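Chemist: Sequence:
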Amino acid sequence: MSLVTSPKQNASAFPEQGLAPTREQIVRHLRHASVIAERAMLLGRHPFGAILVGPDQESVLIEQGNVDSVNHAEAVLARIAALNFTPQFLWGCTLYTTVEPCCMCAGTAYWANIGRVVFAMTEERLLQATGNHAENPTMSVSSRYVFDHCQKRIELVGPVAEVEEEVMQVQRRFWGRR
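Residue numbers (the numbering used here): 170 to 347.
There's no promise every hint is true.
Stated by the list, open to error - FRET-style restraints, in silico, Cβ to Cβ: (1) Gln-338 <-> Arg-192: 19 to 25 Å; (2) Gln-257 <-> Arg-347: 39 to 45 Å; (3) Asn-253 <-> Gln-297: 34 to 40 Å; (4) Val-229 <-> Arg-347: 28 to 34 Å; (5) Glu-232 <-> Glu-331: 17 to 23 Å; (6) Arg-248 <-> Leu-296: 21 to 27 Å; (7) Val-239 <-> Glu-293: 17 to 23 Å; (8) Gly-213 <-> Gln-320: 24 to 30 Å; (9) Lys-321 <-> Asp-225: 18 to 24 Å; (10) Leu-252 <-> Glu-293: 20 to 26 Å; (11) Gly-187 <-> Gly-300: 36 to 42 Å; (12) Ser-228 <-> Met-273: 23 to 29 Å.
Calculated from the structure, these hints are not laboratory results. Computed from a predicted structure; not experimentally measured. Just so it is clear, CB atoms sit at the ideal spot from N, CA and C, and this is done for glycine as well.
Between the sequences and the hints, there should be enough to build the whole structure, so can you do that?
Modeler: Structural data, given as structure tokens:
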């Protein structure tokens, strides 16, 4: 597990996220996000899925599959979360996603004030599945880079080895048919 910190963090404004997920919770929630990704694929959308888990690290508050190339699962989820929960509450929540958030999604999670992001597979590995596919021109800007340049410390966990290959198989199956 990796932790991203920023030297500009204002610790008094945003305390620690609180209860940390166990490894079992991380794996279970990432597999749940993968089910959402497969559902998106069945709807003809790109196979990305995300869930938001409450501060208790058990309650699934929001599920979101990919919509299109501008409305990624993580960004849509973060916007819905920001409309429905307070920033203080969201700071204790965890966003689980199948693939490392792109810079747009990382920024949206940051602005929504979601304190922790967990992903199964890196965007670099995603590029191995998509190649230079016109529908998914993968960026080489990691969420670690984005969060490292923020004023708040967003905890970032991933990739998660127990789930990484499962997510990669879904991606290969989808992009291999496109």
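Chemist: So, for every hint listed, does it hold in this structure?
Modeler: Hints and how they fare:
At about 21 Å, the CB distance of Gln-338 to Arg-192 agrees with the hint of 19 to 25 Å. Checked against the hint of 39 to 45 Å, the C-beta distance between Gln-257 and Arg-347 comes to roughly 42 Å, which is consistent with it. Restraint check, Asn-253 to Gln-297: a C-beta distance of roughly 36 Å satisfies the suggested window 34 to 40 Å. Taking the beta carbon of each, Val-229 and Arg-347 are about 30 Å apart, inside 28 to 34 Å as hinted.
Under the hint 17 to 23 Å, the C-beta atoms of Glu-232 and Glu-331, about 21 Å apart, fit the expected range. Hint check: Arg-248 to Leu-296, Cβ distance near 26 Å, so the stated range 21 to 27 Å holds. Our hint of 17 to 23 Å for Val-239 and Glu-293 holds, since their Cβ atoms are close to 22 Å apart. At roughly 39 Å, the beta-carbon separation of Gly-213 and Gln-320 lies outside the given 24 to 30 Å, and the hint is violated.
For the hinted restraint 18 to 24 Å between Lys-321 and Asp-225, the CB-CB distance of approximately 22 Å keeps it satisfied. Between Leu-252 and Glu-293 the beta carbon distance is about 32 Å. The supplied range of 20 to 26 Å is therefore violated. Taking the beta carbon of each, Gly-187 and Gly-300 are about 40 Å apart, inside 36 to 42 Å as hinted. The given range of 23 to 29 Å is respected by Ser-228 and Met-273, whose C-beta atoms sit roughly 27 Å from each other.
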